[in-house]
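**Student:** Spelled out, the chains give:
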Amino acid sequence: MKKIASDDALDRALTDLYQTDLPAGYQAAWRDAVKREEPTPMKPSPSLTWLRRAALPMAAALVLIVGTLITGALNPQTTTTLQAADTSEEAPAGAVFGIATNTADSGMERTADAVYAAVPAPEYDDELSSSMAKGTVVTAEDAEEETGSKIVRTVSLTLSTTDFDPDYDAVLALAESAGGYASSINLYDRQTGKRTASFTLRIPAEALDGFLTDLETVCRITERCETADDYTTQYSDTELRLQTQRDKLSRLQELMAQAETVEDLLQIESEIADTQYWIDSLESSLRGIDRQVDYATVSVYLQEQQAIDTAVTEDLSLGARIRYGLEATATWLGRFFENMLVFLVAAAPVLVPLILLIVVVRIIRKRRKSNNKAKS
Amino acid sequence: MNVRLLRQARRGDADAFIALCAPFETLVYRHCLQMLKNPADAQEAAQEAMLRAYRAIGSFEERSELATWLFRIAHNVSLDFLKKAYRRREGASLEGLRDKGFEPPGDGASPEERYLQTSEQAALQEAVSTLPERQQTLLSLRYGDGLSYEQIAKAMGLSLGTVKSALNRAKAELRARVQGI
Numbered sequence: 001m002k003k004i005a006s007d008d009a010l011d012r013a014l015t016d017l018y019q020t021d022l023p024a025g026y027q028a029a030w031r032d033a034v035k036r037e038e039p040t041p042m043k044p045s046p047s048l049t050w051l052r053r054a055a056l057p058m059a060a061a062l063v064l065i066v067g068t069l070i071t072g073a074l075n076p077q078t079t080t081t082l083q084a085a086d087t088s089e090e091a092p093a094g095a096v097f098g099i100a101t102n103t104a105d106s107g108m109e110r111t112a113d114a115v116y117a118a119v120p121a122p123e124y125d126d127e128l129s130s131s132m133a134k135g136t137v138v139t140a141e142d143a144e145e146e147t148g149s150k151i152v153r154t155v156s157l158t159l160s161t162t163d164f165d166p167d168y169d170a171v172l173a174l175a176e177s178a179g180g181y182a183s184s185i186n187l188y189d190r191q192t193g194k195r196t197a198s199f200t201l202r203i204p205a206e207a208l209d210g211f212l213t214d215l216e217t218v219c220r221i222t223e224r225c226e227t228a229d230d231y232t233t234q235y236s237d238t239e240l241r242l243q244t245q246r247d248k249l250s251r252l253q254e255l256m257a258q259a260e261t262v263e264d265l266l267q268i269e270s271e272i273a274d275t276q277y278w279i280d281s282l283e284s285s286l287r288g289i290d291r292q293v294d295y296a297t298v299s300v301y302l303q304e305q306q307a308i309d310t311a312v313t314e315d316l317s318l319g320a321r322i323r324y325g326l327e328a329t330a331t332w333l334g335r336f337f338e339n340m341l342v343f344l345v346a347a348a349p350v351l352v353p354l355i356l357l358i359v360v361v362r363i364i365r366k367r368r369k370s371n372n373k374a375k376s
Numbered sequence: 377m378n379v380r381l382l383r384q385a386r387r388g389d390a391d392a393f394i395a396l397c398a399p400f401e402t403l404v405y406r407h408c409l410q411m412l413k414n415p416a417d418a419q420e421a422a423q424e425a426m427l428r429a430y431r432a433i434g435s436f437e438e439r440s441e442l443a444t445w446l447f448r449i450a451h452n453v454s455l456d457f458l459k460k461a462y463r464r465r466e467g468a469s470l471e472g473l474r475d476k477g478f479e480p481p482g483d484g485a486s487p488e489e490r491y492l493q494t495s496e497q498a499a500l501q502e503a504v505s506t507l508p509e510r511q512q513t514l515l516s517l518r519y520g521d522g523l524s525y526e527q528i529a530k531a532m533g534l535s536l537g538t539v540k541s542a543l544n545r546a547k548a549e550l551r552a553r554v555q556g557i
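In the order they appear, the protein sequences are chains A and B.
Residues in the first sequence are numbered from 1 upward in steps of one, following the numbering used here.
Residues in the second sequence are numbered from 377 upward in steps of one, following the numbering used here.
If a hint is listed, it holds; no wrong ones were tucked in.
Computed list of lysine to any residue pairs in SDA-like fashion (alpha-carbon distance at most 25 Å, straight line):
(1) A:K150 x A:E283
(2) B:K547 x A:D8
(3) B:K540 x A:D8
(4) B:K413 x A:A28
(5) A:K366 x B:G388
(6) B:K413 x B:R553
(7) B:K413 x A:L22
(8) A:K369 x B:R387
(9) B:K413 x A:D21
(10) B:K547 x A:L10
(11) B:K547 x A:D7
(12) A:K369 x B:I394
(13) A:K35 x B:E437
(14) A:K369 x B:A390
(15) B:K547 x A:D16
(16) A:K366 x B:A392
(17) B:K547 x B:S440
(18) A:K194 x A:L344
(19) A:K366 x B:L381
(20) A:K248 x A:T233
(21) A:K35 x B:E438
(22) B:K413 x A:R31
(23) A:K366 x B:N378
(24) B:K540 x A:T15
(25) A:K35 x B:D391
(26) A:K369 x B:Q384
(27) A:K35 x B:R448
(28) B:K413 x A:D16
(29) A:K369 x B:D391
(30) B:K530 x B:T444
Partial chain A-side listing against chain B, Cβ under 10 Å, derived:
(31) A13
(32) T15
(33) Q19
(34) T20
(35) G25
(36) Y26
(37) Q27
(38) V34
Treat the hints as calculated values from the structure; they're not laboratory data.
The beta-carbon is built from N, C-alpha and C at its ideal position, and this holds for glycine as well.
Okay, chain A solo, but in the shape it has when bound (with noise of 0.2 Å):
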């Protein structure tokens, strides 16, 4: 074992153990093995492939119908308000209300104009109010009597109409000639034929019934909601309790007249500061719920509708009902594909620059299976 205590001696000893020669046919038929061994590549069932062809296509039909529909939906809505200020306290007869338009077309503008201005202002001869002010007492029976039962009504509609321009005027005019007026005006000139307007309209109370029988004779209603809720309790007791405040305010003056320290004097007057707020208070809460016993609410909310969609198809023929079919089927794609066009264009900024990356990607990735198939 000497031998081998040295470097050089166990270097060449581990070399005479490491000699090896390889036999004759090892080196291929180790590899024959291995590729007997590899599993034959799995050819894609041609379902899959005709699915993985049609991924992209189907992929970018999908994004450009989705798109479209999306554009449509968004498409971008002229909408015009027009909010009458229900300030009746402050506003004169046959005075134009604060009118808010919102993108409005000029021709909507100027309708307004000429409702608000013809629509007189209703009036409110609160006597209550002023004989407040005049500081005469008036009883909770004699304010019972005045007025009589609170009932507040408050009217629901919608409105179906082929002819929307003309009905849109018609409804204006019927609120002008019941004495009414509008509070408030929203148009969705979403697309032709399919715009709406909201109408918030106040018509006097005894007029209500014949406004809602007009109406009927101009549009077709396809909704109605009436509601009538009594506010004779909750009158009678504010005005109680408004009474007491009074009675309150009365006996307050009479001791700042009797009072005789400066410390009285103050707190009389912080006293009659709180009572005086909450006369104010009392006070316009009756006007409110008499402005809406007075003044019904109606809401009217006109929708546009399409020929075929309000004709009564059970009275037509058949070849009338294919061509409105048709006719219906043709707007909807020519409108469908002015969409897409739109859509197209709007999002043409990134549509681009992904169809390129695609287009990229496939061609690098064709050219690194050309190259591993010719390294192959």
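Got chain A; can you put chain B on it based on the hints?
**Tutor:** For chain B alone, coordinates are given in the frame of chain A:
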């Protein structure tokens, strides 16, 4: 290690596997031969080891070097072969083998020389077999394939310093064991 080849081999690409393992084919065969002592059995075992490696390449987690991993597979396959051979030899006698025409090989050396030579090599091999697998692999590549330190470092994906220090430790260990016999 070529990561791309390894990835392809894991997917079942036989060509990639062959390209990856060909540098270690001698290592595998040599270890099988050292364990089995029979070139025919060693070839068969080495081939089987390569096949097993190909089947298991998907589970190769790169915790060890590819060469060491192949070395371990070759070792396990050789052990299996030895177990089979042991079972086959049970009941067989030298007389029976001679009847079948088997004669032990002779190299022309005198019996004394042959004894000394074989006992020395056997002791060295015994000592080598006690070393860690990585050191055995390094020794095999160094003295069997005649690779330089740089070539070994490149083949096994180790640093040059690691290769040198591991081989030095292996040789020191061997020297100590052989002198102790």
